[in-house]
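Chemist: Chains as they are written, first to last, in numbering that gives the first Met the number 0: chain A, 0 to 248; chain B, 0 to 248.
Because the hints were derived from the structure by calculation, they are not lab data.
Accuracy of the hints is not assured; some may be wrong.
A pair counts as met if it fits within one copy or between any two copies, since identical chains are not told apart.
[What the hints assert, rightly or not] In silico lysine-lysine, DSSO-like type, Cα no more than 30 angstroms apart, as pairs:
id : residue 1 : residue 2
1  : Lys144    : Lys88
2  : Lys50     : Lys162
3  : Lys141    : Lys162
4  : Lys208    : Lys2
Okay, here's what each chain looks like letter by letter:
Protein chains: 2
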Amino acid sequence: MLKRERQAYILHQLNLHNKVLSSRLSEAINVSEDTIRRDLQELADSGRAIKVHGGALSLSFSEFNIHNNNVYGKDEKQIIARKAISLIKENMVVLTSGGTTINELARSLPRELKATFISGSIPAILEYSNHPNIDVIVIGDKISKNSRITIGADAIAKIKSLKVDLCILGINALDIEHGITDSDWDVAQLKKVMIESSQKVVALAISEKIDTYQPIHICPLRNIDYLITELNPDDERLAFYKKTGVQLI
Amino acid sequence: MLKRERQAYILHQLNLHNKVLSSRLSEAINVSEDTIRRDLQELADSGRAIKVHGGALSLSFSEFNIHNNNVYGKDEKQIIARKAISLIKENMVVLTSGGTTINELARSLPRELKATFISGSIPAILEYSNHPNIDVIVIGDKISKNSRITIGADAIAKIKSLKVDLCILGINALDIEHGITDSDWDVAQLKKVMIESSQKVVALAISEKIDTYQPIHICPLRNIDYLITELNPDDERLAFYKKTGVQLI
DNA sequence: CATAATGTCGCAAAATGTTGCAAAAAGACG
DNA sequence: CGTCTTTTTGCAACATTTTGCGACATTATG
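Construct the entire structure; sequences and hints are all you get.
Modeler: Okay, structure coming up:
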């Protein structure tokens, strides 16, 4: 990878995540951390990034604009996104729901990954379609203003006609008794059919959603193949879920 | 391989991959790296590539280009967008194509306007869905990376099933003899059915697209109800079009 | 304050660039 | 056709840039 190209990549990552870690960049681009540091130094010198111990921050951090467009719990969601990405193999067809965790996943997809992503989430589609090697298929229908995903009979019918390799759901609530639940009826309907249309189902949830529930039922825990949180799979808060046979990551 | 031929090949590779390595090119074309370097130097001097240590990058890497998100001919497009908006009445159902002119339109929609917009253009959908009073319906299908709109049989079938009040098309080329034409086959198919599915058709074009044509035929001028350019409707460059019965705005 | 993670510095190896030059190729012209 | 000029190309010597490594300093964190 050329130096200029690398720096452009770093800037791109900075725009997406507002922060980069030297360690992770060095892994991703496959150069030594020294090189990354020198790049960050140059970017900092030319005023395009703010260098800090361990990596760099986007310029938006320098300003006192704490009007943060930061998604709540962003770090946790990045951890979850990385774990989820490890399940996606070359040339898979992946169906994804909406939500900020999914957006984080979309932003974090490695450049080299070749796959097909199907979604009705506008922000996710945007990220997918910026990716050089990913084919994107859009589920059409009316956009729900709250969730910024397409909902309705057409969307449901379309999803029903699919049978994809992997379904990745950002979920709102789960507990042992009720399984996976949600607060939005339309979204719940969609998630139900998404689960039916997939070989394997991955549920993404930050730990604070564990042991909570919402009024609308989506599915029991046994319909989920993988549960991903930011916690270590051996964490005691997940002990009950381990017994249900869901694979924790 | 001749010099000219070689440079054309290099540019082609640049467009394809956004980067070239001197080493690879020298292998591929079977000339010394010196020669490649001289070629890259010339391409850089004439502003067709960005030379960096180890090879060259496509112009899209240039900071300048990225920094100003200036769309080409932005001012003209804003004028066109304003004129087009004047045709949209309360509670209309509007079908729009893709393209930068349409994006400008989407950005410029007045806050109070209540209407339903149907589109397969990702950037346009994004703008529409930010709007407080607009219902958005997404045409689903596979995303074409070039044009960032959904294309394919599903999209066409969906559009065929509609009958909307207004269709607003950003167009690539029009002249008296060929009518409206385009360079992308898939996009042209979509535009054809969009025209059929609408009561009234509006064509948007900056003046430099007037009296030009592209290989793929979309429709004759008589299928268009309104033609909007940044020019005054009485401008002499539009005189011929006036006679065809198209309403100029 | 101890420990691990990160950063800095100088250095050397490898890759890439530059320059001047001469041979080959192509073109110009009587 | 032969001679001259110009352009193009590759080579060799030398300069520069880039990169990773190791020794040592600094910072973060519990």
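Chemist: Give a verdict on every hint.
Modeler: So, going through the hints one by one against the coordinates:
1. Lys144 / Lys88: between (32 angstroms within a copy, 22 angstroms between copies)
2. Lys50 / Lys162: neither (46 angstroms within a copy, 47 angstroms between copies)
3. Lys141 / Lys162: both (23 angstroms within a copy, 16 angstroms between copies)
4. Lys208 / Lys2: Neither, since 34 angstroms and 39 angstroms both go past 30 angstroms.
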